[in-house]
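Visitor: What follows is the residue order along each chain.
Protein chains: 2
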Amino acid sequence: MSKGLTTREENYSQWYNELVVKSDLAETSAVRGCMVIKPYGYTLWENMQRILDNMFKATGHTNAYFPLFIPKSFFSREASHVEGFAKECAVVTHYRLKNDPDGKGIVVDENAKLEEELIVRPTSETIIWNTYKNWIQSYRDLPILCNQWANVVRWEMRTRLFLRTAEFLWQEGHTAHESKEEALAETEKMINVYADFVENYMGIPVIKGRKSANERFAGALDTYCIEALMQDGKALQAGTSHFLGQNFAKAFDVKFLNKENQLEYVWATSWGVSTRLIGALIMTHSDDKGLVLPPKIAPLQVVIIPVYRNEEELKQVSVVAEQIKASLTASNITVKYDDRDSYRSGWKFNEYELKGVPVRIAIGPRDIAQNQVEICRRDTLEKQSVNNENLAEYIKNLLEDIQTNMFNKAKQFRDNNITKVDTWEDFEKAIEKGGFVYAHWDGTIETEVAIKEKTKATIRCIPFNNPQEEGKCILTGKPSKERVLFAKAY
Amino acid sequence: MSKGLTTREENYSQWYNELVVKSDLAETSAVRGCMVIKPYGYTLWENMQRILDNMFKATGHTNAYFPLFIPKSFFSREASHVEGFAKECAVVTHYRLKNDPDGKGIVVDENAKLEEELIVRPTSETIIWNTYKNWIQSYRDLPILCNQWANVVRWEMRTRLFLRTAEFLWQEGHTAHESKEEALAETEKMINVYADFVENYMGIPVIKGRKSANERFAGALDTYCIEALMQDGKALQAGTSHFLGQNFAKAFDVKFLNKENQLEYVWATSWGVSTRLIGALIMTHSDDKGLVLPPKIAPLQVVIIPVYRNEEELKQVSVVAEQIKASLTASNITVKYDDRDSYRSGWKFNEYELKGVPVRIAIGPRDIAQNQVEICRRDTLEKQSVNNENLAEYIKNLLEDIQTNMFNKAKQFRDNNITKVDTWEDFEKAIEKGGFVYAHWDGTIETEVAIKEKTKATIRCIPFNNPQEEGKCILTGKPSKERVLFAKAY
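Keeping their order, the protein sequence lines are chains A and B. Here the first sequence is numbered in my numbering, starting from 14 and rising by one per residue. Here the second sequence is numbered in my numbering, starting from 14 and rising by one per residue.
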């Protein structure tokens, strides 16, 4: 197949858009801003979900499900939350349609107007804390450690597949605790779970840190995040974990009788990652030939392609291919033998390159004569002839090697693109060039906003365990005690 | 704990409502008609999902995800579909809120009115077939075998937890085929998958059959269903699989080039089961003491409860309990040791009975002295002292026995409640008494509707492999070639 894929050099943004569609991950739908996640993309998401879900359960969480709709008035209860979330959203105002009296089609039945409008959840803190109110009486009911896998809707004006869509899929953890310390520990635990997942399964290196006050989640006292760097030098927030203090408990009047028999407001956290991670995955690893997927989450880890000139050769190859397929399957490797006769082998090579399958095995009559196969790894595109003896073991090791190599390559890129600067001039240059810029800032929202207006750069995070050093703010020259990470971001 | 559960005899409907809430499966929410599925209920759903999902994949299907919203005009395209679905639904008319200029709170921003209203999906045939149009050009693109796990919304006026809620969770399979035969085979395959799942995992016996024209899915040419019988003698439709013919392909202009190089409309099926199955599960097996859950899907299969008078005894019991827990866990049995000191053992016995945990193990000092434990099975409430030797093996067999016994008991009840009648008088009596009534019907919609108006009974299905026999319609006396199954239904 001819991929006709724009290169990253030519137009990074177009390369991304084309790649998502051509590799069969997702496509736009008839509904503005909503995407269709195609089977290949959804299998990738399922693999991510399964691993994350196991991690959540291993850390004591259980899943539950809360309503899609939130009464409008709930948003007004938490002052900063309403500013952040209740504005651009899908509003349900009616509950019935009727046949159009003037002709064809159907129209909204004006007699079926809701007394109070319902908002399609952009995030579920309000409806969940309204529910928790009935679940919590005493410290014996705490902690509550719930997670929800759900769809959410935020009415974005400019959308891009996976990165920013009106509807997206995510998980949102919502926990309730009896003390500030316990809630803070949970907030930190979950950002560590995210970092573990994103680095060790998705192969994306991240920097853990806290958000500046200006970039915090609407309603949070503190937001921890993991920040990744894309190949075009822009940062991407890959996951967040929020310490919500007692804000939502106060907004929804959720008190508990503590061990000292006193009524106290409950402490809260929330944390989430979304299908946006797939965008980060694509932009971290893929190249001009297509996707490059990490073996641990790839929908398909190995593809076997026969190379033949006639039916006799195909038969001969198929015998060996099926044996190899069976032995790989027995080793828990996801493998497909593509013996479709309607496509040439060269077309198939291209197709699976585009789809980022980590390992390709090609088998032709000459390989069989020599009891070997040709193996091509997607990350480096290196080819090698390998003896059939112990092939499953070889592939197992190769998949691990690809996983490690992808992370290391991405980490080297990231590390090479962190620039320390001390003057405004250098700051502007560094932001223009791309990557993380590590610089002093005077700690005020005004300065942060001014920097954003001048350069489009935002503070991505204040890294955990950030070295303390005296310095001067790159914009105002005012004193600063630590550097923070700036970047332009998705 | 005091359960205070209404008995089935006293008030079946109230028994059900109380049981769902008291056993921590689900509760109503602040949003009319929408439920909160609590962790215990959601774990049950996850177990069901996992098994079903594996079955779907084993039969060649993959998951995908389609938009939550459907443009209003899509519903008008398939004439009978719009009648069935587009009426009672949640309608999104606006995409923004703003601060109320007259005071506190937020109001809908009238400037943010959608050009075309969006319907929150009640089912996804329309948006999916609009998508398939772009996926299908030739027979090489067929079949498409997609499934979606999703939330859907149908604005029901009278709701009941799990059985009928405005929002519910389900899966919907949507397949596209090149021939009528293939689509019909798929329709049948999936009703068989559902029957397999519902009978062999949920322990609910079902009757497979086809719906009468009047009870068909809106837009289908044929609807296959599985029908179960609840303890109060009412039927419950547990799953449906629809042969959609070329209706949706025509509505959305989805044609393919067949092997003879001719353009043809694509053939379709759709099939689904929902959280309603949990309602069926409860009403099939549970008793006046609470839930009775089949071991294969129970969130917790075994609970171990210590019986002790002082801390010394608890310590002693805990050593043995932890050993047993470890050995059961090693045998892939889901087990919990509840050593909370804040509740008495009698309270715990009640609690886990209410929650339907299949097996309870009680351990006291006297049991330890005799190297045994007391085992109580939830389905029969029989207690037995069992030696600790090979306990895991014993429990494994016991769980299998409980699973089998629950199915057999439900099947016996169902079989005892199928009444064959030949006169209208007997029909009315039988329907009044409850259960399935197997009777002749003249095959017309008019008669079906008249019977429903007189007795509230509907045709649940025309069983597969239904014996053909000459007879007379119980209402009109007109000739009939086969009996059909009537019942009052949920």
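In short, the hints are calculated from the structure, not lab data. Here the structure is a predicted model, which means the values were calculated and not measured. Hints are not guaranteed to be accurate.
Because identical chains cannot be distinguished in the list, a pair is counted as satisfied if it fits within a single copy or across any two copies.
Stated by the list, open to error - Quick list of in silico lysine-lysine cross-link-like pairs, DSS-like style, CA-CA up to 30 Å: (1) K302 <-> K422; (2) K328 <-> K469; (3) K409 <-> K338; (4) K111 <-> K126; (5) K469 <-> K422; (6) K409 <-> K309; (7) K272 <-> K126; (8) K491 <-> K268.
Visitor: Next step is simple, just say for each hint if it's right about the structure.
Guide: Here's how the hints hold up against the structure:
no.	hint	in the structure
1	K302 <-> K422	within (17 Å within a copy, 60 Å between copies)
2	K328 <-> K469	neither (60 Å within a copy, 63 Å between copies)
3	K409 <-> K338	within (13 Å within a copy, 34 Å between copies)
4	K111 <-> K126	both (13 Å within a copy, 19 Å between copies)
5	K469 <-> K422	within (27 Å within a copy, 69 Å between copies)
6	K409 <-> K309	within (11 Å within a copy, 33 Å between copies)
7	K272 <-> K126	neither (47 Å within a copy, 51 Å between copies)
8	K491 <-> K268	neither (43 Å within a copy, 68 Å between copies)
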